[in-house]
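> What follows is each chain in one-letter form.
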Amino acid sequence: MAELTNTVTPAVAERAVTLRTSALVWRVVMYLLLVVLSLSFLLPLLWMLSTSVKDTAQTYTVPPIWIPIPMRFQNYPEALVAQPFGLFFLNTIKYAVFSGIGTVLSCAVVAYGFSRIRWYGRDVLFFICLCTMMIPFQVTMIPLYLIFRDLHWLNSYKPLIVPTFFGSAYFIFLLRQFFMSIPHELSEAARIDGAGELSIFWRIILPLSKPAIAVVALFQLINAWNDFLGPLIYLNNPDLYPVSLGLNRFLGQFVEKLAWPYLMAASTVVILPVLIVFFLAQRTFIEGIAISGIKG
Amino acid sequence: MSAEAARAARPRGFRLSNGARNQIMGLLFVSPWLVGLLAFTAYPILASLYYSFTVYNVIQPPRFVGLQNYVNMIGQDPTFPIIVYNTVYFVVFGLPAAMLVAFLLAALLNNQMVARPVFRTIFFLPSIVPVVAISMVWLWLYNPNYGLFNGTLAALGFHVIPWLSSPSLAKISLILISVWVQGTTIVIFLAALQDVPRELYDAAKVDGANGLHRFVSVTVPLCTPSILFVLITGLIGYFQYFTIPYIMTQGGPMQSTNVYAYYLFQNAFTFFKMGYASALSWVLFLIIVVFTIIAFRSSARWVYYAGG
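Same order as they appear, the protein sequences are chains A and B.
This note's numbering applies: residue 1 is where the first sequence begins, and numbers increase by one.
This note's numbering applies: residue 1001 is where the second sequence begins, and numbers increase by one.
Just so you know, these hints were derived from the structure itself, not from any lab.
Quick caveat: nothing in here was measured; it's all calculated off a predicted structure.
Hints are supplied without guarantee of correctness; some may be wrong.
[Said to hold, decoys possible] In silico SDA-like pairs for lysine to any residue, Cα to Cα no more than 25 Å straight-line:
hint : chain 1 : residue 1 : chain 2 : residue 2
1    : B       : K1205     : A       : W26
2    : A       : K158      : B       : F1269
3    : B       : K1273     : A       : F148
4    : B       : K1273     : A       : R149
5    : B       : K1205     : A       : V17
6    : B       : K1205     : A       : F148
7    : B       : K1171     : A       : P136
8    : B       : K1273     : A       : Y234
9    : B       : K1171     : B       : A1097
10   : B       : K1273     : A       : W26
11   : A       : K158      : B       : L1037
12   : A       : K210      : B       : P1032
13   : B       : K1273     : A       : S40
14   : B       : K1205     : A       : Y145
15   : B       : K1171     : A       : Y234
16   : A       : K210      : B       : I1128
17   : A       : K158      : B       : Y1043
Extracted from the complex, chain A is given alone in its bound form (with noise of 0.2 Å):
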């Protein structure tokens, strides 16, 4: 036995070697690979930044100019006063903020009960919120455009922002999972200490679910930054319009004018907030994400 695992026999030390090589050949592979893929990714956004700065000339012309020189800053403020961007954007954050708070507000109140209170008939609700994810908006839009139009409520942002404080699946779904893993004898010492449900909500679990809570917070902002289809048909004066609207009323006034150094500025303006807001909360996305993904 000894010496079978003292002696390195040549073959053993060749496959070893072999075996090493191979690795470093891998990773070599592997950072080629990502860099390469990576760049093919970014491609789009940078092309996009290097268009905002451009010059007509240096639009149109074969073969495609990556940076431009000299760069035309101009193009931002021209492009944000040709539509009312600033009144988009104010449009846009007043439903973002508002939407936001009745999501998370909603969503935290019927988690709770779906998930802390053991009551008849629980869990048969709670499937038919699960599957009220299957139903396609197509489905309800025609009926809810027509409520809406008959409370007088069109061109307004009651129509997104109301049914937000009436909670969301995907988002009830998220903290539910989240409040389960919280050990139930923290209620149980709360409750003998005669804390009613509503206390305990409020000082106990919510206190401790801020991470998801700032997930379902983040993704209902960006929810309403990104949202077309609602507004598109809620909102039919250009004043009201946020800024997803607005980008596509700009394409509709810019786009037989060959004006794409206009376009790309108006579109890095509208990116940006949204970029900012993933960059300082980075961490928060990702692992919502990946909560969700895996429990479910």
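For chain A, the structure is supplied; the task is to place chain B on it using the hints.
Chain B in isolation, oriented as in the chain A frame:
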């Protein structure tokens, strides 16, 4: 005051049993969702079922026509088979393509490496870009004469590619965009990959399995629950594919990117055929339910749950 004393202090007649108290509190907590379910889901669904049996142009009240809308849809509307074909094309080719790329990228990111967060961020980035901005940027990338792709091809002496102007290519060009916007899926797959226990790899190594073999018979099976999740959410999402065709191609060229949700939207809000659009929406709903059930049913054969 202890809980015992507090309970004793309450008048007897007003005391609820724990069960009844929980029942009331539970229902109270979920009541916002219940109200929302009735007002914003249940009523609209039933209303749209009713409208689907009517002719309704918004100005005159709905007129009951029985199954006429459904008969027209399947027997007479020449556009209906086209939108079903196009939508199924996107689901059958676009979704697996996007999932495959996302899985391979996640597997690549799962290797030991420096700067993984940087690479992960780069792959994730496109998925938080607003769809309108995505459409705008890709319209310009695909520009027939001066876009990055054709400009580069022309400069190198190649033929330019009619990305969005050829009916046979337009779908593939749009699929390419959705492959680019896979950040969420990559993150989900990466999380699943990182959950695969190391011991299983070591055990497979001892059994003499090579890298590819380990990937196919250890990594992939353990990620199947996440693959199922992405498949089902992807199915539901792709059947509602709307914004990119709406902005970039308006369903063209020659109807080649006219998808279900786009045609439905046009019927409802451009032609004001609310009855017909409602019928379309119910058929869409049924198609989604059927596809989801097939995915769930089939999952018993290919999804592996580590917990048993």
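> Does each hint fit the structure? Answer for all of them.
Consistency of the hints with the structure:
With a CA separation close to 17 Å, the supplied pair K1205 of chain B and W26 of chain A stays within the 25 Å bound. Restraint check for K158 of chain A and F1269 of chain B: the C-alpha separation of about 20 Å stays at or below 25 Å, so the hint holds. The suggested pairing of K1273 of chain B with F148 of chain A holds, with an alpha-carbon distance near 18 Å, which does not exceed 25 Å. About 16 Å separates the Cα atoms of K1273 of chain B and R149 of chain A, which keeps this hinted pair within 25 Å; it holds.
As the CA atoms of K1205 of chain B and V17 of chain A are separated by approximately 18 Å, the hinted pair is consistent with the 25 Å bound. A C-alpha spacing of about 62 Å is found between K1205 of chain B and F148 of chain A, which places the hinted pair above 25 Å, so the restraint is violated. The suggested pairing of K1171 of chain B with P136 of chain A holds, with an alpha-carbon distance near 22 Å, which does not exceed 25 Å. Among the hinted pairs, K1273 of chain B with Y234 of chain A is consistent with the structure: their alpha-carbon atoms are about 17 Å apart, no more than 25 Å.
Between K1171 of chain B and A1097 of chain B the CA atoms are separated by roughly 13 Å; this keeps the pair inside 25 Å, and the hint holds. Only pairs whose Cα atoms come within 25 Å are accepted, and K1273 of chain B paired with W26 of chain A is rejected, the gap being roughly 59 Å. Distance restraint check for K158 of chain A and L1037 of chain B: the Cα-Cα separation of roughly 18 Å lies within the 25 Å cut-off, and the hinted pair is therefore satisfied. Proximity of K210 of chain A to P1032 of chain B is assessed by CA-CA distance (about 21 Å); at most 25 Å being required, the pair is judged to hold.
Note on K1273 of chain B and S40 of chain A: the hinted pairing is violated, with a Cα-Cα distance of about 43 Å set against a maximum of 25 Å. Of the pairs offered as hints, the one joining K1205 of chain B and Y145 of chain A is violated, with about 59 Å between alpha carbons and a cut-off of 25 Å exceeded. With a C-alpha separation of about 29 Å, the suggested pairing of K1171 of chain B with Y234 of chain A is violated against the 25 Å cut-off. Restraint check: the Cα-Cα separation between K210 of chain A and I1128 of chain B comes to about 22 Å, which is no more than 25 Å; the hinted pair holds.
Annotation: proposed proximity of K158 of chain A to Y1043 of chain B holds, straight-line Cα distance about 19 Å (limit 25 Å).
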